[in-house]
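A.B. asks: Given only the sequences and the hints, what does the whole structure look like? Please build it.
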Amino acid sequence: MAVRAEAGQRAGGRATAPTVGDPSRLRNVVLVGPSGSGKTTLVEALLAHAGEIPRAGTVLDGTTVCDHDPAAVRQQRSVGLSVAPLFHADTKTNLIDTPGYGDFVGELRAGLRAADAALFVVPANAGREGPIDPTIVAQWEECAAVGMPRAVVIARCDNPRADIEATITACQEAFGNGVAPLYLPLRDGDTLTGLYGLLTQTPAGQAPPGAEEARAELIEGIIEQSEDETLMDRYLAGEDIDVTTLIDDLETAVARGAFHPVIPVCAASGTGIDALLEVLVGGFPSPLEHPLPGVSGIDGAEHPPLTADPDGPLAAEVVRTSADAYVGRVSLVRVFSGTLRPESTVHVSGHPTGIPTQRTGEADGHDADERLAHIYAPMGATLREVDACIAGDICALTKLGSAETGDTVSAADHPLLLSCWDLPQPLLPVAVVARTRGDEDAMVKTLAKIVAADPTLRLERNQETHQTVLWCMGEAHADVVLSRLRAGGAEVDTEPVRVPLRATLAKPAKVTGRHVKQSGGHGQYAVCHVEFEPLPRGSGIEFVDKIFGGAIPNQFISSVEKGIRAQAERGVTDEHQPVVDFRATLVDGKAHSVDSSDAAFQTAGALALREAAQACGVTVLEPYDEVSIRVPDEHLGSVLGDLSGRRGRVMGTDVAGPGRTLVQAEVPSVELLRYAVDLRALTAGAATFTRRFARYDVAPR
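This note's numbering puts the first residue of the sequence shown at 289, with every later residue one more than the last.
Hints were generated in silico from the structure; no laboratory data involved. Note that this is a predicted model, so its numbers are computed, not measured. You may find that some hints are simply not true.
[Said to hold, decoys possible] No more than 30 Å apart at the CA atoms, straight line, and that leaves these computed lysine-lysine pairs for DSS-like: (1) K805 <-> K850; (2) K878 <-> K850; (3) K798 <-> K733; (4) K733 <-> K687; (5) K805 <-> K834; (6) K805 <-> K878; (7) K798 <-> K834; (8) K834 <-> K850; (9) K798 <-> K737; (10) K850 <-> K795; (11) K795 <-> K737; (12) K737 <-> K687; (13) K795 <-> K834; (14) K795 <-> K878.
[Said to hold, decoys possible] With beta-carbon atoms standing in for the labels, derived distance ranges: (15) R449 <-> T724: 48 to 54 Å; (16) D767 <-> H702: 41 to 47 Å; (17) D767 <-> R522: 25 to 31 Å; (18) D536 <-> R449: 33 to 39 Å; (19) A854 <-> P593: 50 to 56 Å; (20) R858 <-> D655: 37 to 43 Å; (21) P630 <-> P593: 27 to 33 Å; (22) R858 <-> T800: 17 to 23 Å.
Every residue, glycine too, gets a C-beta built ideally from N, C-alpha and C.
C.D. replies: Structure follows, in structure tokens:
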């Protein structure tokens, strides 16, 4: 049994794992499915069947890999991405288990980035529970957009409420064309005893009801995707197509992403495991067949497209960053080109405007050379040392101090930068505050580590509200982030998020800013007459000089402007809201040959703005965001009604695909603080939205 590599080395031993030297013998498969669908249980069954672990539910070096592990371990697994390799038919398959909860879509995207194919896991009772989870449908569409090969596993077939046939039908309705079962269940009463192969018609003489019709539909679907254009004519003419030909065409169609087989599997009994392994190895593509990310030099220079060549230029990517109690930072890396070797020096590059670390969408680029010590093959939380990691494989690197999720790892003498991957916008703000000064230092240090590891988390230090705001994917994501903060030694509390407001002058005013003081020696003397008037929203601050005859010397005119702008930034009310959208026209004034100065006229300008605010009053402005909501048509009325209750203004609607509508609206930012949570509850997780700042407008009294 493997142990943590670092622990093994301290004990004088070395934990090693087998490797492959040919990318054609590699498969990278990400498991996608809702929470409770049985993804992790399925991974365990596959590993146990392949002999990678003694049995499902075995504890590997303190980490239980079953459904009955301790709550803390189960939570860690449910919100994080893990990799487990298995060997079958001389092929290594990296199984990438992803969280099923929508808040952790960043981990899912990381899994999709590292994978060459996707296995969608749907519980067998889904056909009785209504439509397939809309989050999973959205992920299916995401895979379809990039042509990723997909298959469907009907899991938990031993569930008392399992209805395999109804679930297959629900998958076909939800996922669309090309979804068809390869096997139908065989039962003894309500117990699943085996599978009937529709192509091979085995076991002979045990065809379940509906098998003939299902086989005909399957064959027609395979033939439609065949590269042999004569095959359909031969089939329609009544020719019995050879099973070997059908299987070859099936594997080609699956690898192309045009056909999606459905396999019922019972992890507890092992039924369907062999069939699934055959699809993984024979139907899914190797890294040689899957498109690779674009690449450039770190200076932006063009670079030839990558191929999964172990002898090519080194180009790998950090798809996940985590911390281990023994070895510290662990970077999960997918190698796209070249070979990673121990004791070599690599270059770590981060995107200057790629995966952002702030809500503004900007990120500081970074480059560093680092020396690798050991390379490991991950088995969940267990690390097993390997001699190398070739193009197409996945490995773990430890103690890469500068590496963050999304960074490129390349050769030190030939540094490269892989194109960044898309991530959803975090939309739930959570304001955190440290309890003590010591907690504040710990919070800053821990936040830096968390943000480096989690690209779906945005950190905003708002200079206006003086709040530290974490932009999260949802409540569950926020809870995990707060737990990690506290585990890092920072005692923190949350507080209501404050939305920065603005103010503007309510009407025109003519005022005098007068700053005259005499206290012995040089005094202070500055008088300015200023006309203020409000401007349309978004105009900013305009300053106009209409001084004639030198009433104010030229060198002090800019001082008046500085004073007005500085006071506008500080605000003129007790809430210190910045003043915007006005014109200040300097029309007259007085100066003293000795006592006038830059500072005096800056003070006079500031006093003038304060006098204007007193004279004409101010209007408070609040920010509005442009919101784009993609919603299923059956929830459209609820969403529109909810927007109305949030003082939203619907700007238009448009078709956003079959059965979906795109709603464009402007909504006050304060009404969107909990919208990520409320919209999910309103539409059962079926709707998504994005937001961006639009403008400021008058706030209600």
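A.B. asks: For every hint, state whether the structure bears it out.
C.D. replies: Right, here's what the structure says about each hint:
no.	hint	verdict
1	K805 <-> K850	holds (20 Å)
2	K878 <-> K850	holds (17 Å)
3	K798 <-> K733	violated (51 Å)
4	K733 <-> K687	holds (17 Å)
5	K805 <-> K834	holds (26 Å)
6	K805 <-> K878	holds (14 Å)
7	K798 <-> K834	holds (14 Å)
8	K834 <-> K850	holds (16 Å)
9	K798 <-> K737	violated (54 Å)
10	K850 <-> K795	holds (22 Å)
11	K795 <-> K737	violated (50 Å)
12	K737 <-> K687	holds (13 Å)
13	K795 <-> K834	holds (20 Å)
14	K795 <-> K878	holds (26 Å)
15	R449 <-> T724: 48 to 54 Å	holds (51 Å)
16	D767 <-> H702: 41 to 47 Å	holds (43 Å)
17	D767 <-> R522: 25 to 31 Å	violated (59 Å)
18	D536 <-> R449: 33 to 39 Å	holds (38 Å)
19	A854 <-> P593: 50 to 56 Å	holds (54 Å)
20	R858 <-> D655: 37 to 43 Å	holds (40 Å)
21	P630 <-> P593: 27 to 33 Å	holds (28 Å)
22	R858 <-> T800: 17 to 23 Å	holds (20 Å)
In summary, the structure is inconsistent with hints 3, 9, 11, 17 from the numbered list given earlier, while agreeing with the others.
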